[in-house]
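*Asks:* Please build the complex by placing chain B on the supplied structure of chain A, with the hints as guidance.
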Amino acid sequence: MRSATTLLSKPWTWSFFGAAFVFILAISFTGGVGAADMITTALSLAVFTIVVGLGQMMVITLGPGNVDLSLPANIGLASAVSMTLMNGSDSLVAVGLLAALGCGLAIGIANYLMIRALGIPPIVATLSSSFVVQSMDIAYGRGLQIKPPPGFADFINLQIGGVPVSAILVILLSAGVALLLRRTAYGRSVLAVGQNARAALFAGIAVERTRAATYALCGMLGGLDGALLAGYFRGANVDIGNEYLLSSIAVVVIGGTSVAGGKANVPGILGASLFLVLLLTMLNTFGVSAGVRLVATGLVIAAVVIAAGNRGLTDPDPG
Amino acid sequence: MLHSSPARVMRDLLPALSLALVMATIALLNPRAISYLGFTLMLNLAVPIALATVAQMFIIAGNDLDLSIGPFVSFVSCVGATWLIDKPAAGILLLIMSVGGYAALGAIIQWRKLPSIVVTLGMSFVWQGLAILILPSPGGTAPDWLQALMNIKPPLLPFPIAAALVIAVAAWFGLMRTSYGAILRGSGGNAVAIARAGWSLLKIKAVLFALAGLFGVFSGLALLGVTTSADANIGSGYTLLSIAGVILGGGEFVGGIVSPVGAIIGALTLALAASPLLTFLNIPPDWQVGANGVILIVVLAARAQIGRKAVGT
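In order, the protein sequences belong to chains A and B. Going left to right, the first sequence walks through residues 30 to 348 as our numbering numbers them. Going left to right, the second sequence walks through residues 7 to 319 as our numbering numbers them.
Bound-form chain B, shown alone:
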């Protein structure tokens, strides 16, 4: 195990520090934003982003990458806005089948030793196409229970923060504190060792992908609950956001190194940096995407520099 050198501690704290920095800047620019209502509004899209980031985290834990999570989130939102209302049983079955599809994809990737980037790239077309077939033009409505769920007003803690906490604790416990979670991460760290110890890599990969599919479903439904109507491109930005969130939160592309709590913090940082911060900074909309890119570059560069020191010590 690596022990806590100062650089290592810095590195672990970096996701939280980035979030604190973004929040401090917002507080400085607009003190009224730091309130129950302010956070509820600023972070209303953070819950689906956090869920998609957790989905991506399971994939990255196994040294793969899912380039189809964004279109998949769109697909789920479209199913939620149409089938779940008209024919709930069929809608639920379709969503369960799509999670099964994810598991099957993971199994095929492991079995044929395929590059996940390419296979999921192909799947991104498939989900996008299915989303368009289900909902050709923007519309539909969110089921009442979903809207009610996303509009809960818990005492003291704004809903997005409370929800992020619940998701973080659940993902942290499952992946970091259970023995099978360690096996799942181990498949990314040293697959040969895990296989020698008698675990089925095929099953592990299928489980990782199924978990990603499950959280992808949660993300799509949460997004639908917030926006109350769907559109076939609604989740298109989520592929990039989810990857960035995992990496921002301290995850690595290889080695089974991921941090569920860090990933959630990364997702919250991105959700805040994506638009509230930039709006308060008076950055014109044209440059908001670019500013996001710059924020990402700065944080990752800082992390890489600290990371090099951590490896050096």
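This is chain A alone, in the form it adopts within the complex:
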């Protein structure tokens, strides 16, 4: 363990350096044209990755094997539910948002119950539930063409001096999650369970309640993201959450959160989300084909992980 005395030795600073680096590459390619717009768009898009990234981070911090693969299906269903309940009317925005949160909460609790009561490993449990949720979404949300309420859509796209309001709000949300982790009994329990569930149990921590709350929290963040995405892209869609399976896990790891659990990193989620979004923006500016874009994204993610390597990652302890 290195003592993190200087800013440079903190793992999350590198994700911001990476974000700055790809941004500089992108604007030097365009000769500085559209740099401000690029930042605004990147900030707006990064919001959606950050919201689910925070949820995934909490779950992964619970320890080896914990991961939520149901986020994309969750986002899809919540987007449909929230748009239906809002029904294009600004007076119903709160109802729709609550419904999206409730929908995500239900999925999170169902995930936890499958893991706990049925004894299914989290990867397969959340995977199976994502199949079921996806079916519900297809049956319920197919052909749904309800536009978001104009006020809601405008609010999500609102900018003050080029800075999206949603980005400011998501920074506040991140600060809230960071406080939750550092200052509350629940947050400390999550870290303790992730470091050593058995020791946490003997120390009198309500391990199962902590796990349940974490899957529920992740589900709610997924639901919230669904509503926000539907507002931003002006409509719900079954596939709206697809890319967030990979990106939610990628930002957790790139951001310096330990995959072995017990060590979360909130600033890293922000930096890594910006990095991923700017990377895609840069590749778009270069005008490369979809294939090259995918290969480059994959290689960059793999390279970052390999370079960061060996950060207290241990093999999952059998038994």
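Do not take every clue at face value.
On the chain B side, residues computed to face chain A include the following (Cβ under 7 Å) [to be verified]:
{"no.": "1", "residue": "120"}
{"no.": "2", "residue": "139"}
{"no.": "3", "residue": "246"}
{"no.": "4", "residue": "303"}
The set of hints was computed from the structure by calculation and includes no laboratory data. These figures come from a predicted structure and were not determined experimentally. Heads up, the beta-carbon is just placed ideally off N, CA and C, and yes, glycines get one too.
*Replies:* Below, chain B alone, put in the same frame as chain A:
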């Protein structure tokens, strides 16, 4: 060694029981499906699924997980539908290199002690991208020999079942009956002990990943032989199917506990449950994915309950 308590026997039999249950339901709903032709049709996609499941099994045996096997299968199908026809030598070389890529990935994961989930997640983008670059729009054709191979009509036994048997026996013999197979599984069970005994964990991991790559190539080619044309997303469901197949077949995520025969049975169960069963049950297409999820949950829950008893005895 664990001895055969009743619960343990139940647990070992569970994959076969699930398959029997699915088959019995199909037989009840549509007796004509239980025939040479019926099985050939119902199971025509089972062979590539079984091969991908075996690939995933090698990875899981070493306590890792390959989230890129689906896109890799797509990539192989795309190479098969284009390069193998236009420039066979280059195509074969490319496939061999991709197996080498898998081996290198395994070595890097072991060397840098990386989380395989994340690295293979990155690789899934890479294979997907390469597949799109090779075949931007669906098309191409399967080489004749591949189509001929996948359309063999053996006497008595439908081809998918015969092929599944061959794959199961080969994987079972290699992994469960050879001394190096035991070493490979041991790296998942107790890596430290294997290293102390003088085996190179780096080499073991590279071999496990190379085997996964090899069976991934087989899977992609088999899939191409069945569908006769390729598409860059053709294998996208295989990541989930392969993991589910291994676990359904009695494998565990940690501890080097896998069962090649169980994995094949798991893959066959999934292939049957995925669509023929649901079609006969008149489940609307919208709910088929969900029904798959429910089947998976029920089987795994049953296994977990029996497993707890087995540990308790």
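*Asks:* Now tell me if each hint is right for this structure.
*Replies:* Each hint, compared with the structure:
Interface hint status for residue 120 of chain B: upheld, as the beta-carbon distance to the closest one in chain A is roughly 6 Å, under 7 Å. A least Cβ separation of about 4 Å between residue 139 of chain B and chain A falls short of the 7 Å threshold, and the interface hint therefore holds. Because the smallest distance between the Cβ of residue 246 of chain B and any Cβ of chain A comes to about 6 Å, under 7 Å, the interface hint for this residue holds. At its closest, the beta carbon of residue 303 of chain B sits 5 Å from a beta carbon of chain A; the interface hint therefore holds under the 7 Å criterion.
In this structure, every one of the numbered hints holds.
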